[in-house]
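Take the sequence shown: its letters are residues 519 to 742, numbered as in the numbering used here.
It should be emphasised that the hints constitute simulated quantities derived from the structure, not laboratory data. Mixed in with the good hints there might be a few duds.
To be verified - Calculated lysine to any residue pairs in the SDA-like style (CA-CA distance at most 20 Å, straight line): (1) Lys-569 with Glu-615; (2) Lys-569 with Thr-642; (3) Lys-659 with Ser-619; (4) Lys-664 with Arg-593; (5) Lys-659 with Glu-591; (6) Lys-569 with Lys-627; (7) Lys-659 with Asn-677.
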Amino acid sequence: MKIRTKLVLEVIVLFALVGMISFVSIMNTKQLQDSFSSISSETLPVLDTLKDMRYASTQLSAITMEIVLIEDETRNTGENEYRELEEILEINFYKIEQAKSLFNDSFSKYSNLMIENYDDEINTTEELAAKWNDLLFISNKMIQLKTSGVSGLQILQLNQDFNSSFDKMNAEIDHAIELTSGNIDQRQEYIDLLVTEVTWSIVIALNLFVLTALVIRFLILRSI
519 MKIRTKLVLE VIVLFALVGM ISFVSIMNTK QLQDSFSSIS SETLPVLDTL KDMRYASTQL
579 SAITMEIVLI EDETRNTGEN EYRELEEILE INFYKIEQAK SLFNDSFSKY SNLMIENYDD
639 EINTTEELAA KWNDLLFISN KMIQLKTSGV SGLQILQLNQ DFNSSFDKMN AEIDHAIELT
699 SGNIDQRQEY IDLLVTEVTW SIVIALNLFV LTALVIRFLI LRSI
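Assemble the whole structure, with the sequences as input and the hints as a guide.
Put into structure tokens, the structure is as follows:
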């Protein structure tokens with residue numbers, strides 16, 4: 519075989535190897551991008567909605583207890599202080615509505631995300647809805663009874679039920695966060711494995727490229 523033909527063959531082989539290395543690198547890079555994209559588009563928004571639901575339930579709990587305390591104070595105050603307390607009550611009722619809206623919006627987003635991406639864990643959505651409805655029911659009942667002037671053991675019992683319901687609500691949110699965090703850990707393990715595979719595939723391809731170039735060069739030199 520002529521030297522010129524061998525040189526042309528060497529160039530063709532080297533170009534083929536470069537193309538192969540480029541293809542492998544591009545495909546592996548795309549896999550990494552898709553993995554990071556799935557975390558950003560699927561998992562992190564779920565965590566954000568759960569955090570908003572936790573904030574809403576915390577707000578509902580704190581404001582409910584504040585309203586109960588203020589209702590007690592309104593029965594033992596003068597006219598001026600009574601008006602101030604009434605204004606505070608109005609603000610707190612508005613804050614409760616804000617907390618309800620925040621939870622409803624967050625829960626709606628969470629439900630849609632779960633249906634789209636984690637359909638096998640839909641029971642978590644149902645449990646969150648049930649726990650929130652229980653918390654909201656007891657909150658409304660406490661406020662209604664307190665506004666009507668009820669006190670004593672009935673309010674104390676409701677207060678215990680309310681605290682228990684709040685704890686269950688937070689426990690359910692924690693459970694949902696753990697499930698989501700587990701998905702993040704699994705994806706992170708997959709990404710770490712993929713990075714290792716990408717690194718080794720590039721190293722092997724480069725070594726193959728260099729080895730092939732040396733072999734072809736050796737054959738050309740030997741034929742001279």
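Quick rundown of the hints versus the structure:
1. Lys-569 with Glu-615: holds, 18 Å
2. Lys-569 with Thr-642: holds, 15 Å
3. Lys-659 with Ser-619: holds, 19 Å
4. Lys-664 with Arg-593: holds, 11 Å
5. Lys-659 with Glu-591: holds, 19 Å
6. Lys-569 with Lys-627: holds, 12 Å
7. Lys-659 with Asn-677: Holds, because 10 Å separates the two Cα atoms, which is no more than 20 Å.
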